[in-house]
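Put the two chains together into one complex; each comes in its own frame, and the hints tell you how they fit.
The residues making up each chain are set out below.
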Amino acid sequence: MTESTGGIDMDEDSSGTIKKFAFVNRKAPYGTIYALESLEVVLISAAFDQDVSLVFADDGVYELKKGQATKSVGMKNFSPTYRALEGYDIEKIFVEKESLDARGLTADDLVVPVEVLTSDEIATLLDEQDVVLSF
Amino acid sequence: MKFGILVNEGPYTHQAADTAYQFAKAVLEKGHEVHRVFFYHDGVNNASKLTEPPQDDRHIVNRWSKLAEEHGLDLVVCVAAGLRRGLVDVNLAPGFRISGLGQLVETGIQADRTVTFGD
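Just so you know, the sequences run in chain order A and B. Counting from 1, position 100 in the first sequence corresponds to residue 100 in this note's numbering; the numbering is continuous, with no gaps. Counting from 1, position 31 in the second sequence corresponds to residue 31 in this note's numbering; the numbering is continuous, with no gaps.
Treat the hints with care, since some could be wrong.
No more than 27 Å apart at the CA atoms, straight line, and that leaves these computed lysine-lysine pairs for BS3-like [as the list claims (entries may be wrong)]: (1) Lys97/A with Lys65/A; (2) Lys20/A with Lys2/B; (3) Lys76/A with Lys20/A; (4) Lys19/A with Lys2/B; (5) Lys71/A with Lys19/A; (6) Lys65/A with Lys20/A.
Just so you have them, the derived chain B footprint on chain A, three or more residues with Cβ under 8 Å [said to hold, decoys possible]: (7) 16-25; (8) 36-46; (9) 55-67.
Among chain A residues calculated to face chain B with C-beta under 10 Å, some are [stated by the list, open to error]: (10) Ile33; (11) Gln50; (12) Thr106.
Hints are computed from structural coordinates only; laboratory data are not their basis. Virtual Cβ for every residue (Gly too), placed ideally from N, Cα, C.
Chain B extracted, bound-state conformation (with noise of 0.2 Å):
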């Protein structure tokens, strides 16, 4: 099956951003397709490579990188909250790109199911 990803909470706020990811791996482990993450509202955040946790806790931005670099997975921050929140090309991790709120549309439209992480 092809799952589009909907993540609209910030890394370290909120449970949504950890159980994305989750749910992204699982879902690759099991086979199936990954159409498109998309990061939306202060899920934004989950893209920044400014980001740098406590040496003992989880690295979630470096976290969706490598599982783009193994799976080949479009990570896609939406433009206009990236922007209202200072998230730009300049402070992207690898593997995240950034584009507008069509692509989201667009993964409603191609994915077989759509799944929103948020609160």
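Chain A with its partners taken away, still in its complex shape (with noise of 0.2 Å):
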């Protein structure tokens, strides 16, 4: 039980299971905490060679937009961990068109190579998933 190993019991019998997660950002990435603390559930997912999927939607795109300037918020800026996420496998990155249609971005100003789908495609996408954290 330790933080490196995300309390892995590797004696448990979820080896061999692959799941589809799904983990669906809606926060923007300051102001409250949720956004950092799913990218760490994300981060440790990938120890388990599970299919994981990261939707980003309402103002959960902004967790990607780029030139994030933290410093006079007294803020860590965590962006370029999303940038990591490739050497971890996971690369199926989904953005909302409609929220970003909303707010003037488009997969230009983000920080990672997107999938942009329509609502009812993130829909889709959703039911096809065993696991969907939202966050």
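Shown next as structure tokens:
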């Protein structure tokens, strides 16, 4: 039981099972801790060899915005971590089109390559998941 | 059916903390199984034994401890979220234990349904 293993008990019989996990990120990166702590779960999930997708919607699209300047609010800019996800084999990153449009953003404004889906397509994607964790 | 429960909000602050408990209780009363209750974000504060609400109010922490004792529930508090908020072994209420986020992912794998209570 240590933080480094994320409490993974290697004796438990979860090896071999692969489920579809979606992490839905709906909050702005700063102001609340949801975005940061969601990212921590995502990183741990990589150790379990699951089929992981990330979805960004509502103000959650701001989590991926380029050029986050957080020094003046005394917060650590954790957006570079999203670029490291590829190294954890987490490459399915979906962003809701309506949320981007409403905020005047496009995929070019984001720190990682994403697939832009409509709200309906996101709904279909979530319907196909075994586990949806929404933060 | 085997349920996993994720509690993301603090006690006396957000309805999610109460609803998660009511849901867990209902699940058990219906004869289902709760694989684990995982406390994350401000939800870790549901595990503080220093909690002392006014006497005419519900005791959210003791309520979980009692349910755990009656049903052998596995109540797990995220170590990283707990450390951030000063929730460590010394102020952990009975029935709770501290472990890592891997326990949440493992619940997602093991349970038939993982239900989130949060904002």
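Structure-based check of each hint:
1. A C-alpha spacing of about 14 Å is found between lysine 97/A and lysine 65/A, which places the hinted pair at or below 27 Å, so the restraint holds.
2. For the proposed pair lysine 20/A and lysine 2/B, the alpha carbon gap of about 17 Å is at most 27 Å, so the pair holds.
3. The hinted pair formed by lysine 76/A and lysine 20/A fails the criterion: a straight-line CA distance of about 31 Å is larger than 27 Å.
4. Note on lysine 19/A and lysine 2/B: the hinted pairing holds, with a Cα-Cα distance of about 15 Å set against a maximum of 27 Å.
5. Restraint check: the Cα-Cα separation between lysine 71/A and lysine 19/A comes to about 39 Å, which exceeds 27 Å; the hinted pair is violated.
6. For the hint linking lysine 65/A to lysine 20/A, the alpha-carbon distance of about 26 Å falls within 27 Å, and the restraint holds.
7. Coverage of a stretch by a chain is defined here by at least three residues with a beta carbon nearer than 8 Å to that chain's beta carbons; for the segment 16-25 of chain A and chain B the count is 3, and the condition holds.
8. Residue count for the segment 36-46 of chain A with a Cβ under 8 Å from a Cβ of chain B: 5. That meets the three needed, and the coverage hint holds.
9. Counting residues of the segment 55-67 of chain A whose CB falls under 8 Å from any CB of chain B gives 0; the rule of at least 3 is not met.
10. Restraint check, isoleucine 33/A versus chain B: the minimum CB separation of about 7 Å is within 10 Å; hint holds.
11. The criterion of a C-beta within 10 Å of any C-beta in chain B is met by glutamine 50/A, whose closest approach is roughly 7 Å, and the hint holds.
12. The interface hint given for threonine 106/A is broken, as the beta carbon of that residue sits about 28 Å from the closest beta carbon of chain B, more than 10 Å.
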